[in-house]
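Those protein sequences? They're chains Z and X, same order as listed.
Quick note on our numbering: the first sequence kicks off at 16 and runs consecutively.
Quick note on our numbering: the second sequence kicks off at 445 and runs consecutively.
No false leads were slipped in.
Label-pair ranges, simulated between beta-carbon atoms: (1) Z:S196 - X:G592: 16 to 22 Å; (2) Z:E140 - X:K469: 24 to 30 Å; (3) Z:E45 - X:N680: 34 to 40 Å; (4) Z:K228 - X:P513: 36 to 42 Å; (5) X:E654 - Z:K81: 39 to 45 Å; (6) X:P513 - Z:K327: 50 to 56 Å; (7) Z:K296 - X:L669: 16 to 22 Å; (8) Z:G185 - X:L669: 50 to 56 Å; (9) X:E654 - Z:Q101: 28 to 34 Å; (10) X:D673 - Z:E306: 16 to 22 Å; (11) Z:E187 - X:D673: 57 to 63 Å; (12) X:M630 - Z:K327: 53 to 59 Å; (13) Z:E306 - X:P661: 20 to 26 Å; (14) Z:N232 - X:E645: 56 to 62 Å.
For the record, the hints were derived by calculation from the structure and aren't laboratory data.
Just so you know, even glycine gets a beta-carbon here, dropped at the ideal spot from N, CA and C.
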Amino acid sequence: MSILVYIEHAEGAIKKTSLEAVSYASALGEKEGKEVVAVALGAIEESALAKAGSAGAQKVLHVADKKLNDGVIQAHASAVGQAFEQSGADTLVLAKSSLGDAVAARLSVKLKAGLASNVVALPEENGGYKVRRSIYTGKAFTDTVITTANKILAVKKNAVPLKSDGADAGVEALEVALAESDFAAKITSTDKASDEISLPEADIVVSGGRGMKGPENWSLIEDLAKAMGAATGCSKPVSDSGWRPHHEHVGQTGVKVAPSLYVAVGISGAIQHLAGVNASKYILVINKDPEAPFFKAADYGIVGDAFEILPKLTEAVKAIK
Amino acid sequence: MKILVCITHVPDTTSKIQFTENNTKFDKTGVQFIIGPYDDYALARAVELRDQSEGSLTVLNVGEAETEPTLRKALAIGADEAIRINGFPSDSLFVATQIAHYAKEGGYDLILMGRESIDFNGGMVHGMVAEMLGMPSVSPVMKLDLEGDVAKIAREIEGGKEYLEVKLPFVAGCQEPIAEWKIPNMRGIMSARSKPLNVVEPVSDEAATETVGYELPPAKGAVKLIDKDNVEELVNLLQNEAKIL
Ligand SMILES: Cc1cc2nc3c(=O)[nH]c(=O)nc-3n(C[C@H](O)[C@H](O)[C@H](O)COP(=O)(O)OP(=O)(O)OC[C@H]3O[C@@H](n4cnc5c(N)ncnc54)[C@H](O)[C@@H]3O)c2cc1C
Chain Z
16 MSILVYIEHA EGAIKKTSLE AVSYASALGE KEGKEVVAVA LGAIEESALA KAGSAGAQKV
76 LHVADKKLND GVIQAHASAV GQAFEQSGAD TLVLAKSSLG DAVAARLSVK LKAGLASNVV
136 ALPEENGGYK VRRSIYTGKA FTDTVITTAN KILAVKKNAV PLKSDGADAG VEALEVALAE
196 SDFAAKITST DKASDEISLP EADIVVSGGR GMKGPENWSL IEDLAKAMGA ATGCSKPVSD
256 SGWRPHHEHV GQTGVKVAPS LYVAVGISGA IQHLAGVNAS KYILVINKDP EAPFFKAADY
316 GIVGDAFEIL PKLTEAVKAI K
Chain X
445 MKILVCITHV PDTTSKIQFT ENNTKFDKTG VQFIIGPYDD YALARAVELR DQSEGSLTVL
505 NVGEAETEPT LRKALAIGAD EAIRINGFPS DSLFVATQIA HYAKEGGYDL ILMGRESIDF
565 NGGMVHGMVA EMLGMPSVSP VMKLDLEGDV AKIAREIEGG KEYLEVKLPF VAGCQEPIAE
625 WKIPNMRGIM SARSKPLNVV EPVSDEAATE TVGYELPPAK GAVKLIDKDN VEELVNLLQN
685 EAKIL
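Make the full structure from the sequences, and use the hints.
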């Protein structure tokens with residue numbers, strides 16, 4: 016038996032969230048005595064794929080068909096389903112992501128596999144296959160028992176430690192049969208900010224809210240983000256008023272982040288915003304209102320004017336780098 | 445144009461989440477239930493598309509009798525009829541099985557729902573329904589326009605957008621800014637009372653998972669406040685205590 020991990024890649028590298036999924040599978044494989052096999056779709060260098068070995072994969076199956084470069088949901092589900100069957104797996108592990116969700120859902124039907132999403136821990140196997148998941152947008156956990164023989168686990172980002180002590184994995188080509196109907200939804204173009212650090216995957220996020228007063232002041236946020244090696248985010252009213260692009264909006268209805276450090280500047284900390292950041296390891300809040308609700312969720316806080324504090328903080332961060 | 449919108453009945457986003465009976469049941473005390481925020485986006489866009497094409501708009505929920513006020517609200521927002529499939533939504537497979545079974549005979553051109561529910565955050569039902577019906581699925585959809593029988597879609601991806609075209613019928617998981625939420629007006633609320641709300645029994649009790657218990661995360665410690673004139677201390681804490689920088 017083996018565990019198959021579906022790995023996503025971007026700009027020639029395996030995504031960090033997918034390496035976390037491999038690390039999770041590796042710990043699970045050790046526990047259950049199963050081999051960990053990763054599967055990657057589309058054009059990507061073998062040397063980049065071999066890195067899955069360092070996170071704990073013994074082998075990487077590569078379906079190199081260029082048509083799979085973009086995340087055509089049905090085609091990916093079809094290819095991963097075939098890889099699952101060919102590799103004799105009974106468990107599929109993947110990262111919860113916009114593509115991962117869509118692919119996992121289809122596979123759960125194809126493979127008759129019970130699916131647990133937002134998984135944050137390894138399963139307990141005495142008395143059923145019980146997995147801990149994060150629910151209510153991070154406000155609670157639940158234990159879910161999967162009752163089917165095949166199982167799919169979608170791992171929440173930053174919920175498991177990243178392993179990077181293994182060797183390179185061997186990469187093998189895999190052939191799958193794809194039907195025309197697998198490409199029924201055609202991607203016509205993409206519009207991607209390529210030079211920034213990806214917000215959902217960032218280890219540090221610096222976000223600004225309405226307290227930043229206007230888009231002309233965003234260089235203060237960007238300077239601190241640059242000094243910290245962070246991605247930038249914002250609250251919903253900021254993206255609603257067009258100060259920042261929509262994909263930077265963090266929260267319940269926006270992107271959910273789980274960085275090591277979330278820095279919130281001039282954001283009040285409304286519950287809908289907190290819902291997108293409460294999985295952060297540490298939260299730093301800068302707000303001139305000592306009563307701002309965000310301070311209740313914060314680990315570190317400074318009460319004061321962001322326009323005064325940000326330049327000083329940026330300098331102090333640069334000084335230690 | 446026949447449109448089906450599937451909605452969840454979930455605790456309001458500001459609800460305090462608590463459990464009872466030794467952490468085995470969700471505590472509904474004082475909790476207000478609403479249409480899932482993502483489903484609200486799907487419904488709002490569906491109303492616009494229905495109005496453009498003069499088709500029909502059915503809204504569906506898999507849930508017990510207590511979800512009917514939520515369905516009535518969807519009728520007040522503009523759905524023509526409501527279906528409640530009378531079962532407890534125990535897991536995404538169960539819910540998807542009911543929706544797919546209901547939709548199979550319906551000849552819907554579009555099946556819309558939110559990208560995920562805000563209780564279990566699975567984000568799985570749209571993909572499962574599409575797979576069961578042999579249709580394409582696209583999620584999360586932030587823009588959806590129709591040109592004849594082709595939908596032009598913008599889908600959110602990590603750090604940007606992807607533009608797609610897909611022929612009807614298909615299933616979409618929606619999110620903002622696909623449309624502005626619609627608030628029921630007096631006429632909508634009045635007319636909702638006379639619109640049909642049909643109750644259908646579930647087809648099977650098939651589920652692949654079972655929820656056995658809940659837990660709240662540990663309480664957060666107090667915030668460490670640092671003087672605004674001493675940012676160096678903050679940097680020091682981030683570097684040496686949190687071990688981040
Ligand atoms: C269903 C629903 C979903 C939602 N989803 C989201 C979501 O996903 N994400 C989201 O962010 N919001 C969401 N919201 C909106 C949310 O409720 C708040 O309105 C929003 O988060 C407020 O943004 P803000 O904190 O930037 O602005 P405000 O609430 O206006 O707060 C601005 C803050 O800046 C501080 N400030 C002002 N000037 C300065 C200064 N010079 N220096 C330092 N601090 C200063 C103020 O003290 C204040 O605390 C949602 C709302 C609903 C109803």
